[in-house]
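Chains A and B, in that order, are what the protein sequence lines are.
When you line the first sequence up against the working numbering, it's residues 3 to 200, in that order.
When you line the second sequence up against the working numbering, it's residues 3 to 200, in that order.
Since the hints were made in silico from the structure, they are not lab data.
Just to be clear, a hint being listed does not mean it is correct.
Identical chains blur together in the list; that is why a pair holds if it fits in one copy or across any two.
As the list claims (entries may be wrong) - For lysine to aspartate or glutamate, the following DMTMM-like pairs were computed, each having C-alpha atoms within a straight-line distance of at most 20 angstroms:
| no. | residue 1 | residue 2 |
| --- | --- | --- |
| 1 | LYS160 | ASP181 |
| 2 | LYS160 | ASP65 |
| 3 | LYS160 | GLU193 |
| 4 | LYS21 | GLU39 |
| 5 | LYS62 | GLU193 |
| 6 | LYS31 | ASP65 |
| 7 | LYS21 | GLU51 |
| 8 | LYS31 | ASP84 |
| 9 | LYS31 | ASP127 |
Spelled out from the first residue to the last, the chains are:
Number of protein chains: 2
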Amino acid sequence: VTDLAAEPKDAPGEGRPGKRERLVASATKLLHEQGIEGTTLAEIAAAAEVPLGNVYYYFKTRDELVRAVIQSRAAAIDTLLDSLSARPTPQARLKALAHVWGEQSDLVAAHGCPIGSFCTDLNKDGSELAREAAALLERLISWSGEQFRQMGRRDAAKLAVALLAGVQGAAVLADSLNDPGILRQEVRRLERWIESLA
Amino acid sequence: VTDLAAEPKDAPGEGRPGKRERLVASATKLLHEQGIEGTTLAEIAAAAEVPLGNVYYYFKTRDELVRAVIQSRAAAIDTLLDSLSARPTPQARLKALAHVWGEQSDLVAAHGCPIGSFCTDLNKDGSELAREAAALLERLISWSGEQFRQMGRRDAAKLAVALLAGVQGAAVLADSLNDPGILRQEVRRLERWIESLA
Numbered sequence: 003v004t005d006l007a008a009e010p011k012d013a014p015g016e017g018r019p020g021k022r023e024r025l026v027a028s029a030t031k032l033l034h035e036q037g038i039e040g041t042t043l044a045e046i047a048a049a050a051e052v053p054l055g056n057v058y059y060y061f062k063t064r065d066e067l068v069r070a071v072i073q074s075r076a077a078a079i080d081t082l083l084d085s086l087s088a089r090p091t092p093q094a095r096l097k098a099l100a101h102v103w104g105e106q107s108d109l110v111a112a113h114g115c116p117i118g119s120f121c122t123d124l125n126k127d128g129s130e131l132a133r134e135a136a137a138l139l140e141r142l143i144s145w146s147g148e149q150f151r152q153m154g155r156r157d158a159a160k161l162a163v164a165l166l167a168g169v170q171g172a173a174v175l176a177d178s179l180n181d182p183g184i185l186r187q188e189v190r191r192l193e194r195w196i197e198s199l200a
Numbered sequence: 003v004t005d006l007a008a009e010p011k012d013a014p015g016e017g018r019p020g021k022r023e024r025l026v027a028s029a030t031k032l033l034h035e036q037g038i039e040g041t042t043l044a045e046i047a048a049a050a051e052v053p054l055g056n057v058y059y060y061f062k063t064r065d066e067l068v069r070a071v072i073q074s075r076a077a078a079i080d081t082l083l084d085s086l087s088a089r090p091t092p093q094a095r096l097k098a099l100a101h102v103w104g105e106q107s108d109l110v111a112a113h114g115c116p117i118g119s120f121c122t123d124l125n126k127d128g129s130e131l132a133r134e135a136a137a138l139l140e141r142l143i144s145w146s147g148e149q150f151r152q153m154g155r156r157d158a159a160k161l162a163v164a165l166l167a168g169v170q171g172a173a174v175l176a177d178s179l180n181d182p183g184i185l186r187q188e189v190r191r192l193e194r195w196i197e198s199l200a
């Protein structure tokens with residue numbers, strides 16, 4: 003299953019990714035691990051092996067780089083949802099979505115959900131980009147709502163919020179208590195809950 | 003019901019709280035609103051109307067002040083749980099706990115859960131105090147587990163994690179989507195869920 007924390011891939015036929023791609027990949031990783039306020043452009047440039055002086059050629063402001071990270075995460079979510087659409091039933095698709103967090107429980111326990119903690123962090127930062135990042139969660143809620151509708155549930159929109167709240171809350175607890183088992187346990191409970199609604 | 007974001011109260015018979023109490027109250031409020039990395043000691047001192055030079059008399063390091071905020075939140079949680087213990091049944095106590103987040107949905111949508119986002123923030127910051135802050139969530143999980151046990155549930159520990167995950171995840175969504183209604187909706191769902199387990 004596609005990684006929630008997926009970094010930009012090399013284009014086919016190319017060797018090492020270009021400088022812009024490397025900067026976005028480094029920023030995606032470091033903003034998740036260290037937070038927005040705790041990460042400098044110099045650290046991002048060093049991890050990307052791009053001279054700091056070159057960063058401004060690709061990204062005039064830090065906000066432009068954060069926006070590129072949001073777009074990279076949006077692309078990863080699209081790829082993930084596309085791959086889930088091959089599952090035969092809406093409940094199988096929803097369970098597979100929840101399962102993605104369970105598979106990444108170690109990463110989430112170490113640094114929080116790559117999507118949820120990113121949104122929380124941008125909100126705390128007072129960034130105007132918080133609204134753009136929230137669209138990542140809205141996309142997952144909207145897709146889940148469509149699956150619940152296909153299951154014939156009239157309360158599909160509320161169930162979608164409940165599902166995303168379940169994984170996001172388990173991510174907060176797993177991160178805070180440094181216990182990936184909490185996230186896996188909650189994902190199993192959510193999978194049984196989805197099955198019970200079918 | 004006691005406020006999750008409660009600030010230290012004046013001691014009886016005193017007038018204005020002392021400088022230490024004012025500093026802890028300001029830090030509690032500003033760390034919630036702006037995050038840890040985004041808040042300076044100078045801002046905390048100014049909001050507390052304490053000269054910056056005096057801060058070091060009370061708190062030698064920023065960590066000491068953050069620790070005082072954790073202790074202040076722990077005291078607020080103890081007061082809250084004491085007040086809930088007057089309810090006649092364990093399910094009434096659990097519903098009243100969930101209801102606390104619903105009552106503070108505007109605050110949570112604006113700045114995140116005062117407890118959960120504080121833990122996420124300390125974790126992102128890589129602070130050694132993250133473990134101490136996590137004890138706040140552990141206290142709520144442990145108290146909830148005791149209530150579910152009194153309801154005769156063998157899966158009490160897992161249900162307690164599910165309850166706290168529910169409110170924390172709804173807080174992440176309400177904060178990210180800037181929609182207090184999401185939190186109130188989820189709290190109502192959790193209250194019905196608690197009732198269904200009784």
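*Quick check: which numbered hints come out false for this structure?*
Violated hints: 2, 4, 5, 8; rest satisfied.
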